[in-house]
Amino acid sequence: MIQINRLPAAGRTDQNKALNFTFNGKDYQGIAGDTLASALLANGVDVVGRSFKYARPRGIFGHGPEEPNAIMQIGSGASTIPNLKATQVELYEGLEASSVNGWPSVNFDVMGLIGAFGRLMPPGFYYKTFMYPKKLWMTYERFIRKAAGLGSSPIESDPDSYEKLNQHCDVLVVGAGPAGLVAAREAARTGARVIIADEQSEFGGSLLASTQLIDGLSATQWVAEITGELAAFNNVQRLPRSTVFGYYDHNFLAILERVTDHLGISTASGPRQRMHRVRASQVVLATGAFERPLVFAHNDIPGVMLASSVSTYVNRFGVAPGNKLVLATTNDNAYQTALDWHYIGRTVVAVVDSRTGPNGDLVEQVRALGIQILEGHGLIEAVGSKRVRKALVAPINIEGTKVTGSVQVIACDLIASSGGWSAAIHLSSHTGAKPVWDDAIVSFRPGESKQKERSAGACRGTFGGLDGLLEGANAGAEAAKLAGFGTGVVQFPTPMVDQIVEQPQQALFLVPHNKTTSRAPSQFVDFQLDVSAAGIELAVLEGFESVEHVKRYTALGFGTDQGKLGNINGMAILANALDQDIAETGTTIFRPSYTPTTFGAIAGRDINHLFDPERYTAMHRWHVENGAEFENVGQWKRPWYFPQANETMQQTVDREGLAVRNSVGILDATTLGKIDIQGPDAAEFITRMYTNSYLKLAPGKCRYGVMLKEDGMIFDDGVCACLSENHYLMFTTTGGAAGVLSWLELWQQTEWPELQVYFTSVTDHWATATVTGPNARKVIAKVCQDIDLASEAFGFMDWRDGTVAGVKARVFRISFTGELSYEINVPAHYGRHVWEQLIEAGSEFNITPYGTETMHVLRAEKGFIIVGQDTDGSMTPADMNMNWVVGKNKVFSFIGKRSLERSDSIRENRKQLVGLKTLEPNAVLAEGAQIVNDPNQPIPMAMQGHVTSSYYSASLGHSIALAVVKGGLNRMGDVVYCPAADGSATAAKIVSSVFYDPTGDRQHV
Amino acid sequence: MLLIYCPNCLEHREEEEFSYGGEAHIARPLNPETLSDTQWADYLFFRKNPRGIHHEMWYHATGCRRYFNATRNTVTYEILETYQVGTQPQITGTDA
Amino acid sequence: MKRYSGFSLLKNALSYHENWQKVWRNPTPKRDYDVVIVGGGGHGLATAYYLAKVHGITNVAVVEKGYLGGGNTARNTTIIRSNYLWDEAAQLYELSLKLWEGLSQDLNYNVMFSQRGVLNLGHNLQDMRDIERRVSANRLNGIDGEVVTPQRIKEIAPLINISPDSRYPILGASWQPRGGTARHDAVAWGYARAADALGAEMIQQTEVTGIRRKDGAVVGVETSNGFIGARKVACVTAGNSGVVAAMAGLRLPVESRPLQALVSEPIKPCLDTVVMSNAVHGYISQSDKGDLVIGAGVDSYNGYGQRGSFHVVEHTVQAICELFPAFSRVSMNRQWGGIVDTCPDACPIISKTSVDGLYFNCGWGTGGFKATPGSGYVFADTVANDRPHPLAEAFNLDRFNTGALIDEHGAAGVAH
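Protein chains in written order, with our numbering: chain L, 1 to 1005; chain E, 10001 to 10096; chain H, 20001 to 20416.
Certain hints may be false.
[Unchecked claim] Lysine to aspartate or glutamate pairs mimicking DMTMM-like chemistry, simulated, CA-CA at most 20 Å apart:
#1 H:Lys20022 - L:Asp579
#2 H:Lys20352 - E:Glu10033
#3 H:Lys20154 - L:Glu156
#4 L:Lys452 - E:Glu10033
#5 H:Lys20268 - L:Glu141
#6 H:Lys20065 - L:Glu545
#7 L:Lys146 - H:Asp20288
#8 L:Lys897 - E:Glu10033
#9 L:Lys966 - H:Asp20407
#10 L:Lys17 - L:Glu96
[Claimed, not checked] Label pairs and their computed distance ranges (CB to CB):
#11 L:Arg907 - H:Ala20217: 31 to 39 Å
#12 H:Pro20027 - L:Gly967: 53 to 61 Å
#13 L:His958 - H:Pro20169: 26 to 34 Å
#14 H:Ala20013 - L:Thr401: 22 to 30 Å
#15 E:Leu10035 - L:Gly967: 25 to 33 Å
#16 H:Glu20222 - L:Asp764: 29 to 37 Å
#17 H:Glu20222 - E:Tyr10020: 28 to 36 Å
#18 L:Leu746 - E:Leu10010: 17 to 25 Å
#19 L:Asp764 - E:Ala10027: 30 to 38 Å
#20 L:Gly973 - H:Asn20396: 50 to 58 Å
#21 L:His765 - H:Gly20142: 50 to 58 Å
It is worth saying that the hints were derived from the structure and are not from the lab. Treat the numbers as computed from the prediction; the structure is a model and nothing was measured. In this text, a Cβ means the ideal position worked out from N, Cα and C, and glycines have one as well.
Using the sequences provided together with the hints, build the complete structure.
This is the structure we're talking about:
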């Protein structure tokens, strides 16, 4: 296989190490050190993709993150990656790449026919058509969508892993080009902790492709030396292949490190990418600059490239992407490309310079080589279809606005263009700094700093070599000093660089054509999205004046290159159309990401089972071993029900519930929140938080309470026990535990700091087994000898210290089933032991473990509410028919009390908790079903409330439901209806919410 | 992501350790029952929500579990000071 | 107004697109107007349009401090649905949805309203109860919706992970087929163009700095370009509502918070619907351009900075990777933030005020974009007739005094 464009001089690549790869199914060979782009160019591949809108053939245009055209799908199957830029993909053995657009192929794309009708698709054409007939829009849209998009998402789960590293440093240097390297060295020298990150595979930035001498060394040798110096500092962390993609508040920066992408293997053992989350004391931005392409007719034909990219492929990769070069420029700097091309023995046909009388050092060198320089000329149009064949060149006026003479045709196969450089101000812009336009350098500069950062070198608009190095050194020293290291004075001698005398560049953002912009062949500004100069002018013609409007109307800058090439040209063309200057028109604000960032890396390890912690009780393994199905409640895994062989869920719940009602059951109640409350003012404090009073609750006693938010609505409930004087234990709902603790702390700390009371979460300290049912006492008696279990000694709503199954325990006689119940709390580590002992002790009574579903049925039979299921944040205690829990005579206006008196809170006809009994006893209403008085009324129906809880009760032999119904407490006996999706309606009678043992005798035995 | 100085722990910690507590210096009325619905609503729902200097509560939820106050610019997000509950800010005004 | 059509496109193509009419004039403001609308976002522009179209009030200026549609209209994730729980909210959003259904034709501007359906996922039993409750209420309110199974969800969105073993398993969802997305910029531009054609004037780059009152009634607005007189002033300034209210000595129960969103790079069509999940804090759809458009939760703190904290974005991306493990290898292209004005009950305020002739429409929180047509419609009616539109009645300011809140986030439940 011959790499037709490979040069004998290999740049930074290794000619001896061939690498095989495929592109669009065809085999190619590159060499180590190549990017996919350089390898494709070496192989003479011209067309690498099709444009988004017009499907025009496109070639490689740039050499870095600015690349708009060479967008690739890399790899296949589960590990495929969409939308990588070929210029940033390091070549590896076996790499598979394919174009993301083009059908049946990039070389012949059917959609390209549409390109011929491009004129029918000006900016905003979607908004102007496809409206009629109305019903066809979804069909139109399907075709529009099909034509859009770049690469394809994998369809399988990601086989790779990603990780995050939280880091602090004193100085973060972004970019390891000349300015960044010297900045890092100066900062490192002070002893500051330095991180230096660069997106490329090796440090050096633009120097990797430079022919300049520094300190008498070749640029790459100099880079090797200073990189070696940095490596010798143990306070410097060097991160190549690491893109700082976002600059956030308070000097927080995020870096994406590509760990294995360049190896091309899915590594099971390590992360594919690593995101560094860095908090930096000080930041030095040395992110360089992007060359601006010239905007001329058909400037998107393959074979048109950035001048600096041509030089980079020649010098760094040993690839000459063509034979006969025409260089179009507005500045001296690009003449280097003509020199580079000439010295590899290829032909520079002409340099087309928009200026008259250029005579800088590089210009003179080119002139001395006898290369034709067409001064005061513009390259107005490229000619070719899948490769440039000719350049049309014409004299232009001094302002660069008009063609002034006849057009000459120059045969060539490569056009390099340069319209000057744009500082890479992206990260500075992320901080909110407003970029400032500078006519002198024809670029934006970073605006006034909003964070602890400074820019140095090209990203600050300092494009000269020596000045950039000086700035870098100063920035490094200054950043270190402000971080508390060193004196701020530069320590190392300034590197010696040959100063090159340059003439001023010309600000030329649109090369004139002999036709008007609207009639000239497309002059592309944003290649990826096919935004042309005519499109921008059209937007202005239509009255869009704001840069944001024009950007959005034309899609300028919305591609995956984020407008790195096109934004400035586009804004300048806009400014010109509006007859404004660029400063007035302004720029859009750059936002993260600087370059696209893998979702997986942003997610890191916090996915799958680490997405949210799972909490298990001490008895969890027993539940698993005994076949429990689990329910997620908050972060907890709670047993939902314990099916036995072939049982349905309903059969299980029937069996479990009947066991509790007829003998005894056992529930793992560990997950209820538990807060230990102590202090001389504990009772007063608790009384302020609950609706009822705890001032007279004696040690050994428990009381049920409801907590309101200050708006009067129920937000939690539970039992609170007085453990001893000034010592209480508060139970909360499972999901509400954390919120209640914060709530208590809020009031104590911010409103009543004078109350001496202390809170400790003890949820995890205790394991809780609830033994409930008529035989509960007999079970407990077998494993607990030191508590007098007699009803008169240990009554309902009492608690006792004692020993259960040999373990110190707190036993509470509280009941959520309405049966005789003991909640046994033991230190968590003994949870399983005690649980098993209780099972053992209960075996003669057929003790039955039950889960949350049966718990729900049993409590609903008793009309006990579940906060968050029967309430929804809009329910008062009165709504729940629980005025008995509101202390009317409390001295202190407890939290939420005042709101209970608001006019809406005392309104008649509020929704109130009632029971529903279906007329057909076995019909179980859907939980959430809406309730109406008349199911035959027209839609919209007047809804009266909804079903909050609904079950089949095996104990009662019919279904039961709890519901909230408008004025429900005054509607006992009324029949209401729950309409279903199928048009049917279930009739139910409004009854008391207490279905079982309304006198409460069973829990008092 | 904010970096917040906890005046109790005496160090800067990441925002992820804290939760936001809303406007600071709102005293609960001592006698809620004497207030009109409108006055009570004012306490419940109406906040200054300024564009610029804001005195607000933060809670060091995964640290010391103490509430404290911060003076923060709601446009730049710069935190100008943090101070203990029950004390007054040094920096006041409406704009940075 | 010259109408847009395939034919006009062809005709203009033949003349090299040199003869398109301006979408709107950019006039210098007159001395006074019948109505000045403060805020040129979608809601303000829709208000101007319906004032002119429905009420014949055309002497109207929309005063915008930046550019039209540049605030939350330009920053949202474009989801449209009407499957709200409470009657008041559901009816308002349903009015909006009905207007969306004919909006492109009404405005003669293709807002690309795509009725691709909206899934709201349920991940635990309480989620499913809430979904059943909401869908049941929607149905009885005449709003389309059904409860769907994980298998059906998988058919609608094939890349979604319905494994029962996932940390937040998908137990089901509500499905509103008429919901979908629209092209956000086009909505602002379409309304502005249509309102302009009926006589309303778009005054951009003009910041309102004061609200002038006389004898308890509004007489006009002070602006960065001088005083503009008005018989009525209608404020629709979303996140900046509190600031504008303060100009008239009013307070609003509104707090402004950052709300973040992000998009991926464009990828080939792979998600044909809108998927939302409250439990994991993420929602996602795919734009016609191919970007995955992803919304995050609201940041906790007050902020006018149009940006939020990165950990919120991280969490949202985790949620998306949890729901769609295949998207892990796709890349985030851009992220940004808007300022949402949130009310304590997550419902808007569409209300007269204690100042005669001064009206507020704000507090839409995260629900603003989808409400644009309905909000403009009822607000125009409220302003034109100086009394609340029947569908706006419940959204008065007095509800915070009486306690008659319309607690939309109550539906999410508070404990279990």
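Item to check | Outcome for the supplied range 50 to 58 Å, where the beta carbon pair is glycine 973 of chain L and asparagine 20396 of chain H | outcome: For glycine 973 of chain L and asparagine 20396 of chain H the Cβ distance comes to about 37 Å; the hint is violated.
Item to check | 20 Å Cα cutoff - pair lysine 897 of chain L, glutamate 10033 of chain E | outcome: holds, 9 Å
Item to check | Range hint compliance [Cβ, histidine 765 of chain L to glycine 20142 of chain H, 50 to 58 Å] | outcome: At roughly 53 Å between Cβ atoms, glycine 20142 of chain H and histidine 765 of chain L fall inside 50 to 58 Å, so the hint holds.
Next on the checklist: Given the hint of 25 to 33 Å, is the C-beta distance from leucine 10035 of chain E to glycine 967 of chain L inside that range or not?
Outcome noted: Given about 28 Å between the Cβ atoms, the range holds.
Item to check | 20 Å Cα cutoff - pair lysine 20022 of chain H, aspartate 579 of chain L | outcome: holds, 17 Å
Next on the checklist: Given the hint of 17 to 25 Å, is the C-beta distance from leucine 746 of chain L to leucine 10010 of chain E inside that range or not?
Outcome noted: holds, 22 Å
Item to check | Status of the given 53 to 61 Å range, CB of glycine 967 of chain L versus CB of proline 20027 of chain H | outcome: holds, 56 Å
Checklist entry - Has the given pair, lysine 20352 of chain H with glutamate 10033 of chain E, been kept, meaning a C-alpha gap of at most 20 Å? => result violated, 29 Å
Checklist entry - Is 30 to 38 Å a correct range for the gap between the Cβ atoms of aspartate 764 of chain L and alanine 10027 of chain E? => result Check passed, 35 Å falls within 30 to 38 Å.
Next on the checklist: Run the distance test for lysine 146 of chain L versus aspartate 20288 of chain H: straight-line Cα separation, threshold 20 Å.
Outcome noted: OK: lysine 146 of chain L and aspartate 20288 of chain H at ~9 Å, within 20 Å.
Item to check | C-beta pair glutamate 20222 of chain H, tyrosine 10020 of chain E: status relative to the range 28 to 36 Å that was hinted | outcome: Once the Cβ atoms are compared, 34 Å apart, the range 28 to 36 Å for tyrosine 10020 of chain E and glutamate 20222 of chain H holds.
Next on the checklist: Hint check: lysine 20065 of chain H vs glutamate 545 of chain L, CA-CA at most 20 Å. Holds or violated?
Outcome noted: Given that 20 Å is the threshold and the Cα spacing comes to 14 Å, the pair holds.
The structure fails to meet hints 2, 4, 16 and 20 from the earlier list, while all remaining hints are met.
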